[in-house]
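Participant: Sequence:
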Amino acid sequence: MGFTKKSLDQIDVKGKKVLMRVDFNVPQDKQGKITNTKRIDSTIPSINYCLEHGAHSIVLMSHLGRPDGQVVPALTLKPVAEKLEEIMKRKITFLNDCVGEEVINACKNAPEGAIILLENLRFHPEEEGAAIIDGKKVKASAENVKKFREDLTQLGEIYVNDAFGTVHRAHSSMVGVDLPIKVSGFLVKKELGYFAQAFDHINRPY
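Sequential numbering of the sequence shown, starting at 1, is according to the UniProt record's numbering.
Note that these hints are calculated values from the structure, not bench results.
Label pairs and their calculated CB-CB ranges:
1) E85 to G65: 18 to 24 Å
2) E143 to H168: 24 to 30 Å
3) K91 to S141: 35 to 41 Å
4) G100 to Q10: 30 to 36 Å
5) E112 to K30: 37 to 43 Å
6) D29 to N144: 31 to 37 Å
7) E150 to I87: 29 to 35 Å
8) V138 to Q10: 37 to 43 Å
9) G32 to V175: 29 to 35 Å
Dumping the calculated PhoX-like pairs for lysine-lysine here, alpha-carbon to alpha-carbon at most 25 Å:
10) K146 to K108
11) K108 to K14
12) K91 to K14
13) K38 to K5
14) K91 to K17
15) K16 to K5
16) K17 to K182
We put the beta carbon where it would ideally sit given N, CA and C, even for glycine.
Using the sequences and the hints, build the whole thing.
Facilitator: So, in structure tokens, the structure goes:
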């Protein structure tokens with residue numbers, strides 16, 4: 001079966017700016033406190049690999065919840081940045097948006113060894129292709145989706161997909177980043193390995 005994808009450990013990240021799609025859609029209580037860090041913890045191996053192998057910087061992008069293409073303060077990824085900083089015991093730079101000139105400049109000029117977490121991708125209708133406004137679905141224009149994807153593409157030199165929970169979704173951050181090197185992270189590699197094993201060793205009752 002076709003479950004084998006090129007993975008992070010098959011490329012050279014030394015000196016490169018890595019753009020990594022992760023799944024930080026973590027559960028939170030009513031006060032916004034993160035109640036389970038499993039999804040954050042699952043991405044640490046890919047982040048550490050990049051650092052240990054000399055990546056210049058790492059830009060992390062994720063969604064959180066369902067803001068439906070609008071800015072919802074309760075769904076900011078800032079608490080996730082703080083939790084990641086606590087877990088990794090190193091500075092995490094949080095940016096208040098995921099696209100735009102300021103974000104692009106911050107990522108392009110990131111100091112060596114920097115880890116940056118972008119704001120919630122789904123605050124922009126261009127991520128999922130539409131927004132919900134006054135209860136009605138409003139489709140994002142093709143022009144705006146194109147610009148959104150172009151902005152994301154400028155944030156790194158290598159694209160790593162380690163967001164297994166969203167690999168089935170044709171969202172901009174999953175399919176629209178146009179970088180020459182695209183690989184899976186270690187979480188996605190592991191999960192695809194489970195699929196391959198299951199399909200290659202099917203127990204047939206008859």
